[in-house]
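There are 4 protein chains.
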Amino acid sequence: MTVTSPVSIVASDAPDQPDRTPELDGLYREFESELLVPLWTEIGDLMPHAPVSAAVPHLWRWNRLLPMATKAGALVPVGRGGERRAIALANPGLGGRPFATPTLWAAIQYLNPREDAPVHRHTQHAFRFVVEGEGVWTVVNGDPVAMRRGDFLPQAGWNWHGHHNTSSEPMAWIDGLDIPFQHYTDSTFFEFGPDEVESREAPDRSRSERLWAHPGLRPLTQLDPSPATPLLAYRWEHTDRALSEQLRLEAEGYTATTEPGHAAVRYTNPTTGGDVMPTIRAEFHRLAPGTGTATRREVGSSVFQVFDGLGRVTVGSASWDVERGDLFVVPSWQPLTVETEHGLDLFRFSDTPVIEKLHQHRVQIDPRKHA
Amino acid sequence: MTVTSPVSIVASDAPDQPDRTPELDGLYREFESELLVPLWTEIGDLMPHAPVSAAVPHLWRWNRLLPMATKAGALVPVGRGGERRAIALANPGLGGRPFATPTLWAAIQYLNPREDAPVHRHTQHAFRFVVEGEGVWTVVNGDPVAMRRGDFLPQAGWNWHGHHNTSSEPMAWIDGLDIPFQHYTDSTFFEFGPDEVESREAPDRSRSERLWAHPGLRPLTQLDPSPATPLLAYRWEHTDRALSEQLRLEAEGYTATTEPGHAAVRYTNPTTGGDVMPTIRAEFHRLAPGTGTATRREVGSSVFQVFDGLGRVTVGSASWDVERGDLFVVPSWQPLTVETEHGLDLFRFSDTPVIEKLHQHRVQIDPRKHA
Amino acid sequence: MTVTSPVSIVASDAPDQPDRTPELDGLYREFESELLVPLWTEIGDLMPHAPVSAAVPHLWRWNRLLPMATKAGALVPVGRGGERRAIALANPGLGGRPFATPTLWAAIQYLNPREDAPVHRHTQHAFRFVVEGEGVWTVVNGDPVAMRRGDFLPQAGWNWHGHHNTSSEPMAWIDGLDIPFQHYTDSTFFEFGPDEVESREAPDRSRSERLWAHPGLRPLTQLDPSPATPLLAYRWEHTDRALSEQLRLEAEGYTATTEPGHAAVRYTNPTTGGDVMPTIRAEFHRLAPGTGTATRREVGSSVFQVFDGLGRVTVGSASWDVERGDLFVVPSWQPLTVETEHGLDLFRFSDTPVIEKLHQHRVQIDPRKHA
Amino acid sequence: MTVTSPVSIVASDAPDQPDRTPELDGLYREFESELLVPLWTEIGDLMPHAPVSAAVPHLWRWNRLLPMATKAGALVPVGRGGERRAIALANPGLGGRPFATPTLWAAIQYLNPREDAPVHRHTQHAFRFVVEGEGVWTVVNGDPVAMRRGDFLPQAGWNWHGHHNTSSEPMAWIDGLDIPFQHYTDSTFFEFGPDEVESREAPDRSRSERLWAHPGLRPLTQLDPSPATPLLAYRWEHTDRALSEQLRLEAEGYTATTEPGHAAVRYTNPTTGGDVMPTIRAEFHRLAPGTGTATRREVGSSVFQVFDGLGRVTVGSASWDVERGDLFVVPSWQPLTVETEHGLDLFRFSDTPVIEKLHQHRVQIDPRKHA
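Protein chains in written order, with the UniProt record's numbering: chain G, 1 to 371; chain H, 1 to 371; chain R, 1 to 371; chain C, 1 to 371.
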């Protein structure tokens, strides 16, 4: 190979470095030509005392995203090759790559009336979350799943899926995937399916819900634990009721909320009680009016979307007033605080299953300081 | 010790036995006095080629149980010491002990109007299943749980619980427990609580349901897997709907039933997706009119109660026409076949978690012979 | 069925019982004829405040067992049908059945010079432990495994196995199995193999040891966890060294022993780190001279064999001076204390995996009172 | 924020792209300013049909590494801040970063006679593997562990550790860590300990070995499964013997090797039977003279070091003759074939636990074509 080595060693002037001498410079040049890098010049970056993410806190406003998606709806067709009219959040700390965090992809997807997104499958785990609108069915292995405001719709890796809009209105929603993580670990496979979805049926409930959305019950046809959830739709009515009940139980004097005024549920795989997908955790949080969260930081990164209400979010040194549809990113170990006067509903997804399964998880909670 | 040895060795006349001689008889007498038993005289009973249960297939008819429970309601008070007006099925093969199978207890329990069953807790895992009636609340750790026809109400070991009948009608239901198994393994602990239940509230839904009965969602307050389900009521409306949907999906051409016309669900622990309790499995089976099951036998024992409909049940060499409320027992490795002209709903509980966790499970299925 | 009902209800005269009246007697007779038993007359036995085992503490002395086994060697042939010249301990509390505890079988097995025990397999999990002697090979799935003093030789369920004595001396050892437990749960299957062992080879090390007895290493040919250990011999030299090292580390000031002067190891399945077999735990304990254990009781039952040394053992109200080969039984929840002036080596097996997997385990430790 | 957006969208000229128009260009400029990236221009890179790693196959020769490490020994001190005289392999496809693969760090570490490497701890999981030399002890939580040719010495995350060279010779070895992975997932914590190791003892066996290196035995003092191995040294004598036995068993006609002439062991955690550390798998492979492997590719990346012998290695389109000490990298999904005339011993470590726990693993084996 006659290419120039990509290695370039810059002698650090930190106090703990070896004296700079011609011999040392010569050694460093040898290292470069042999594709070697010393630990002692890199350790500060590689092994910090606590996580220092390249990703930064950032907010994308729904009222800017949606018009751009609409414009893309007019200019960009959906079809084989491009596959999806999806526009991804690019964390400003990650070099312009379409990565919301080092591990997570978040995008707005847009489908015109009567439009199809072609069928494919991939190892990446995916979900849809709908902040507004309806009319699209996502067809997963031939099972048509209605998408409506508040629904969480997981599509675990290697399932065939396409979408079709049966209505006369366009529809936008967000996609969450582990594209960056699978790209990083070089584990991504992809296959094309038919250009059109297998079924144009538009039932109110998918077959997966008819089999699986019965609390505490599982069909005897599928008894083994599955790494990803067989339930393809987690409906808003259930999520909303679960959160309301937590706040009501709290008001009645029982332990039900995560902290005062803060109700929260995790979406789970009914075959294991664990996360819906091997690499992605999804949760929904509701803050009652006039409350706020403790300041909390943890290893692993998250993306939040405001589902309803108004609030103030602080992530590290950034702080934003947020409203419906806004998306923000919490990098690893950045402290997060949320406060609301009017009440706030937040959807969250994160890479925590990766972090927990590999025993890297740590949390630090700074209880709320009341005024 | 001057007691007589309980050991008594009878020289077998099987062809593989040693010749009977005075010396051998002398040795056997020595064995007896030393509390020893040779394998070679016992192996046929102890190590059969396939399981031969002492328990036998047996049917108890609801229309005979209920009048006796009613009579007990008139004659036997419920209070501290006796604890429960529960009358247990005694398998005729098990020596008169109140054991439906070697591992399982099944009883009819009866509570008069305005009556209380006092609070206690024990390591035995328990559940209630209601074939008819309503008006009783079981109060588990202070959480009042309504009991109504079709409901399955687990009460895992070491939870405080009592019952109270708020209505002006008596109520009867069945109790299932692992009393025989915990008695056998000498692992039973028991404590008295108050003589009256802590709460006379009679809410429609228990707090456990308000926290846990949302399909695929779990509260963030309880994220660790728990060996027993935190959900205290599995309501009939959900069970019924899950079964109906399976039969409808089958009719639409999809895989949803266990075998043609046979819908079935397992009650599960939402924190793990596994069985509701460490030692007891509970399921509900629905046979469509005009169908029947394959003949199936498996290691481990079960108790069934007919919830609705009419059918014919064959267990080994026994065969019965069954109707609402009837209870029958399927001992280990006894073949079971069920047929119905009118449709049949069956509740089942079994010791299969014990068998499976210890890797002793085997199943043999003989597909249905169609006429 | 015209047989007499096995149920016989005796009206208890405990203070919490219903008043004895002709009506109540009539009801009890009805219960009997319908195969029913009330809880209120049985609860004291069935649901005690803490475990009360029918099994009792008992000691069998090696110097009485061995002569009887020798006599059986002269009088009882080993062959197809009787299968093994094994003589089982019958706990005096268990009605003369060959059960050391409710769940465990313990027997002395004896093989004459040049004798074979025929090949069979069964679902029962088994092991051999050798307190003295050598010369027998147990052949497991065709792999000949030498048996020598101090060796622990597990033979998990459903493996073909036979034994052959290659030497000119008889040999005796103990067998441990879960025969009572599998008999109780009706899960036992059994098959005959050839009348003679497949291999008369007598290698020093079995093939299983050559593959598996390398600390912390496993062959890439078998990477899945297995419910039972693939390692067929745990040699005395390793056990002895592990125990000696614990006592030496303790003397050097490090945490290594279970309590002062008490070294202990558990035999484990290298594919999981857990117990060697699904239903049986096996351990080895060494007490240094002049030490003793805390008094400890736990749910589940154990059998111990003295491997070496002299000591005093107290189980509940029983107390014995023990020496090499003596076997004793510790029923569930009976307190155990061991003391020794000269040092004591104890082999132990128990049903704890059953108890732990079903979440029934409890331990109570009363620290040692020093004089 | 007034910084320039890092996003730069290049309109692709692939056939499936939208027509290039001023409107589209305008939309792309808007995307850039809003930190958005369309899927349709990126999908080819992000979601390939099979993994296409940025990392490339590469070989580093020991006879070039060692002289440079020796030179570093003369020029670069070891002390607080720089922490270790470690020189890392920088995969030419990974932009000059000290990453052997996207997830794995591999370095040569060098310690002069009588030198100390200071004590620290970090969340990164680490190990040492010694291809030649001895005289250094790594002290882990105060336990001195000798390092000698052929030893594998894991040091799981968050254990205090330092090294000291007690001998009058320098020593070099390789370090493997998950630095890139923990850096990527932003989960790295680090703490300084004392500047000198706590113990200058130089025992032949560490305390961890005295407690844990007994095949199939575990001390009763540590019974819970631990995510990382408590055994701090896997000695060459055991590894060598395990491999030799596999080849001997193969010669005797038994299944023991991975494929003909290819013996292999995995280093495991004795508390679980699983991998030694949550993120790193380690194995040792031995090819008999005149043999070769099937061509195999799998998801996940590996680093190999030649421990002994001579061979020819082919990774994708690269091919090298290798000898003692040489290190090479196999990126995800690159086919690997190894052949040897003289016999070859290979140490391997990989990120497979990450891949497997997240259910991303796939393997494709192309059986060896014999000439």
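Certain hints may be false.
Identical copies go unnamed one by one, so any copy, or any two together, can satisfy a pair.
Said to hold, decoys possible - Taking lysine to any residue and the SDA-like style, the derived pairs with C-alpha atoms no more than 20 Å apart in a straight line are:
1. 71 / 321
2. 71 / 356
3. 71 / 61
4. 71 / 167
5. 71 / 26
6. 357 / 25
7. 71 / 337
8. 357 / 195
9. 357 / 227
10. 357 / 236
11. 357 / 255
12. 71 / 112
13. 357 / 80
14. 357 / 75
15. 357 / 278
16. 357 / 297
17. 71 / 115
18. 357 / 226
19. 71 / 132
Calculated directly from the structure, the hints in this document are not laboratory data.
Hint check:
1. In this assembly of identical chains, the alpha carbons of residue 71 and residue 321 never lie at most 20 Å apart, being 26 Å within a copy and 57 Å across copies at closest.
2. Proximity of residue 71 to residue 356 under the C-alpha cut-off of 20 Å is found in neither arrangement, the shortest distances being 40 Å within a copy and 42 Å between copies.
3. In this assembly of identical chains, the alpha carbons of residue 71 and residue 61 lie at most 20 Å apart only when taken from the same copy (16 Å versus 55 Å across copies).
4. In this assembly of identical chains, the alpha carbons of residue 71 and residue 167 lie at most 20 Å apart only when taken from the same copy (19 Å versus 65 Å across copies).
5. Taking the closest pair of Cα atoms, residue 71 and residue 26 come within 20 Å of each other only across two copies (10 Å); inside a single copy the shortest separation is 56 Å, beyond that limit.
6. Taking identical chains as interchangeable, the C-alpha atoms of residue 357 and residue 25 are never at most 20 Å apart, the minima being 43 Å within one chain and 43 Å between chains.
7. Taking the shortest Cα distances, residue 71 and residue 337 never come within 20 Å of each other, neither inside one copy (34 Å) nor across copies (51 Å).
8. Proximity of residue 357 and residue 195 under a CA criterion of 20 Å is satisfied in neither setting, with 37 Å inside one chain copy and 33 Å between copies.
9. In the homo-oligomer, the alpha carbons of residue 357 and residue 227 lie at most 20 Å apart both inside one protomer (13 Å) and across protomers (10 Å), since each shortest distance falls under that limit.
10. Taking the shortest Cα distances, residue 357 and residue 236 never come within 20 Å of each other, neither inside one copy (29 Å) nor across copies (31 Å).
11. Taking identical chains as interchangeable, the C-alpha atoms of residue 357 and residue 255 are never at most 20 Å apart, the minima being 28 Å within one chain and 30 Å between chains.
12. Taking the shortest Cα distances, residue 71 and residue 112 sit within 20 Å of each other inside one copy (11 Å), while across copies they are farther apart (66 Å).
13. For a Cα distance limit of 20 Å, the shortest separation of residue 357 from residue 80 qualifies neither inside one copy, at 36 Å, nor across copies, at 32 Å.
14. Taking the shortest alpha-carbon separations for residue 357 and residue 75, neither the intra-copy value of 43 Å nor the inter-copy value of 42 Å comes in at or below 20 Å.
15. With identical chains, the CA atoms of residue 357 and residue 278 are at most 20 Å apart both within one copy (9 Å) and between copies (8 Å).
16. Taking the closest pair of Cα atoms, residue 357 and residue 297 come within 20 Å of each other only inside a single copy of the chain (18 Å); across copies the shortest separation is 25 Å, beyond that limit.
17. In this assembly of identical chains, residue 71 and residue 115 lie within 20 Å of each other by CA distance solely inside one copy; the values are 15 Å within and 66 Å between copies.
18. For the homomeric pair residue 357 and residue 226, the shortest alpha-carbon distances inside one copy (16 Å) and between copies (13 Å) are both at most 20 Å.
19. When the C-alpha separation of residue 71 and residue 132 is checked against a cutoff of 20 Å, the pair qualifies only within one copy, where the shortest distance is 18 Å, while the shortest distance between copies is 61 Å.
The structure shown violates the earlier hints numbered 1, 2, 6, 7, 8, 10, 11, 13 and 14.
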